[in-house]
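Engineer: Residues per chain are reported as follows:
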Amino acid sequence: MLGRTANGLYWMFRYIERAENIARLVDAGLRVSLTRAGSSDEDWDGVLQSAGVREAYSEVHAELTAANAIDYLLSDRSNLSSVMSCIDAGRNNARMVRTALTRETWEATNEAWIDLKARLSKKLKPTDMPELIDVIKNRCGLIRGAFHGSMLRNEIYNFSRIGTFIERADNTSRILDVKYYVLLPSISQVGGALDNFQWESILRSVSAHRSYGWVYDGEYQAANIADFLILNGRMPRSLAYCYAKIVSNLGYLEADYGERHKAHDTAHSIKAMLTRGSMTDIMEQGLHEFIEDFVGRNNQLSAEISDGYRFNQ
Amino acid sequence: MLTAEDLPRPPYKTYHEWYASQDTAHLIRKTQDAENIFRKTGITFAVYGHADSSEKLIPFDIIPRIIAAREWRKLAQGIEQRVLAINAFLDDIYHKQEIIKAGRIPRELIEKNVAFLPEMIGFKPPGGVYTHIVGTDIVRTGEDQFYVLEDNARTPSGVSYMLENRETMMQMFPELFAQNKVKRVEDYPRLLRQSLAACAPPGCTGRPRVAVLTPGIYNSAYYEHSFLADQMGVELVEGSDLRVIDGRVKMRTTRGYEAIDVLYRRVDDDFLDPLTFRADSALGVPGIMDVYRAGNITIANAPGTGISDDKAIYSYMPEIVEFYTGRKALLENVPTWRCSEPDSLKYVLEHIEELVIKEVHGSGGYGMLVGPTATKKECSDFAAKLAAKPGNYIAQPTLALSTVPIFVNKGIAPRHVDLRPYVLVSDKVNIIPGGLTRVALKQGSLVVNSSQGGGTKDTWVLED
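Chains as they are written, first to last, in my numbering: chain G, 1 to 313; chain E, 1 to 464.
Since the hints were derived computationally from the structure, they do not count as laboratory data.
Honestly, I wouldn't trust all of these hints.
Mimicking DSS-like on lysine-lysine, the simulated pairs with C-alpha atoms at most 30 Å apart in a straight line are [to be verified]:
| hint | chain 1 | residue 1 | chain 2 | residue 2 |
| --- | --- | --- | --- | --- |
| 1 | G | K123 | E | K40 |
| 2 | E | K183 | E | K428 |
| 3 | E | K56 | G | K123 |
| 4 | G | K262 | E | K250 |
| 5 | G | K125 | E | K74 |
| 6 | E | K311 | G | K122 |
| 7 | E | K250 | E | K74 |
According to the in silico footprint, chain E covers these stretches of chain G (three or more CB under 8 Å from chain E) [what the hints assert, rightly or not]:
| hint | segment |
| --- | --- |
| 8 | 47-60 |
| 9 | 147-153 |
| 10 | 302-313 |
Computed, partial: chain E to chain G, Cβ under 7 Å [said to hold, decoys possible]:
| hint | residue |
| --- | --- |
| 11 | K40 |
| 12 | R255 |
| 13 | A259 |
C-beta atoms are modelled at their ideal positions from N, C-alpha and C, and glycine is treated no differently.
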């Protein structure tokens, strides 16, 4: 496969994943403003930070308002991580690697772009939000469904999956990075109303507020929430889950090509850290330090994959 | 579709019966369906200079254009003769130049032409083939009467529309293909790959590795490039993927660099090799011309073929065909005034309202004047440009083009069309039965280019 094609697949799926994650973040943000008495526009600060666009937002908008934040996150093309920009970039990458995609995957991507472009180019009204968020998630789900249902399990699939999970790990770690302080055990073991609120919001932003209840039955607890998002191998947006997938897909490439790269070692050591570690260890090391370190290593892995498989030159 | 007596012309007989049994509202819905299929599939083209409408659909007409077997045979013979003559002509002007020595074509017309590449002099491309893919533009003026408008021997586009139009028709009206015996066009990608592989360079030892070279996703014909690569099962590469290593053109893969034997390039000559042609080109491959001349890659179509479909050369095509095949051209040329010649220029300026005037190097229907439909002001403005640089222009009469029916909301209406059949040349000449029919959707218009509001329709060649 061309290095450029591998690069295109990798980024196509990173962008589709990002679009969906941004929609989840907005969804969680809306939920906060709906359900919490005394909620303010300032609550969007955390959402923008989790999306990694807080500074860029300030360059466009002097004031932080809910309406501007939502517009910036969903439809502003000057924001390279807005849902609109992600869908554009994902579809452009799909166009570039079109020969590697099944017709179904391409059409799901193209139709998502046609539909979302029409919806997001209109002025966004608060009353349309729930439907719009659902449509974004549905469209991304359709792309994923077509991809899983129709693609050969070969190198094309592997590069796509690696892109998905590098992005997802990045996203989950950003959410943790912004909110780590509410997960520290020193604050409180059993939360007050405010903590409960923060915790639920974190879980919602990874669509895990219900599954949390199934796994840890009952109360929100900081340590359990951190465990769920970091170490739980069954939670599809946890760091551990993402790395299990990254390592297995890199493994298929290694077997196929008979070639091992630096990326393989890096991914293995990150995975080992996530499977062997416990929350107690992580808390001792310092949750914030752990997450910062993770974000850096995840980025490093991305660069190593790009080098090893000759994405660009 | 109908004769002067309002009877269906013979090839349309079966279709006409079917059409008469259809409900108009149903067909309007089908037209909408077709558009949805095209949009969903992403069969779009880019119109340069329109930032807001970067991707457009070419309107598709649901009524097929139907050509009888007998008429097609005649056409195919004429096309084959012409394509063989073009290859012989290219071989001659890049080698012995006998046609110039014989005084049939003026030397300066060739050697001062920007499409003539001195780099090709004395070089024989692999298999002796210059134009692997040709799309001859033809118009019909009456029963068995065809004129060639242009030869398109560089990189003819539109073949993906021929294939997708057929696919769409078969999806929407399967019953029509049971009732009419329509010749297949679906084999084109397979034949193209075979044909390209058959022209592998001497340096190729194993199974020839073919790739399609595209300028990238922002090119107006990108859809077609990806479509053809996909259908042929070959890599779609960009200049940035390619590099000359150890005397071979190689592409950067996830496992290192791998050699390519045959490159179907959809990049113009100028941009092919920054070391030989335009130095600022980022679309090509530095050094590919050296590899080519060393016999280690086939470039299809060969560089320098543009000299054969140049509009100034066009007027000499009857002589060219006769010179190399020893027979009179089977297909007619549209009478052409070369404005570089003073007598012709005088005539053209005097009859500007009756003529179609084209730029010698133009394409896409841009920079031309259609006298009969132009305003007085447009004519006089154009006359000034013409007088300033006569060598840049040729003029042709407007032909009494035959029309075919298209589907409009009120039923059917006649419109002017042309036809671009696709020809593959390797050790043999293969003409795909059918082609791209482009239709001028505006009533009375003669301009069929998609960039100027033209549409397309499926083209049926019937079995005997």
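Engineer: Now, for every hint given, state plainly whether the structure supports it.
Structural biologist: Each hint, compared with the structure:
{"no.": "1", "hint": "G:K123 to E:K40", "verdict": "holds (25 Å)"}
{"no.": "2", "hint": "E:K183 to E:K428", "verdict": "holds (20 Å)"}
{"no.": "3", "hint": "E:K56 to G:K123", "verdict": "holds (24 Å)"}
{"no.": "4", "hint": "G:K262 to E:K250", "verdict": "holds (25 Å)"}
{"no.": "5", "hint": "G:K125 to E:K74", "verdict": "violated (64 Å)"}
{"no.": "6", "hint": "E:K311 to G:K122", "verdict": "violated (47 Å)"}
{"no.": "7", "hint": "E:K250 to E:K74", "verdict": "violated (43 Å)"}
{"no.": "8", "hint": "47-60", "verdict": "violated (count 0)"}
{"no.": "9", "hint": "147-153", "verdict": "violated (count 0)"}
{"no.": "10", "hint": "302-313", "verdict": "holds (count 3)"}
{"no.": "11", "hint": "K40", "verdict": "holds (6 Å)"}
{"no.": "12", "hint": "R255", "verdict": "holds (5 Å)"}
{"no.": "13", "hint": "A259", "verdict": "violated (14 Å)"}
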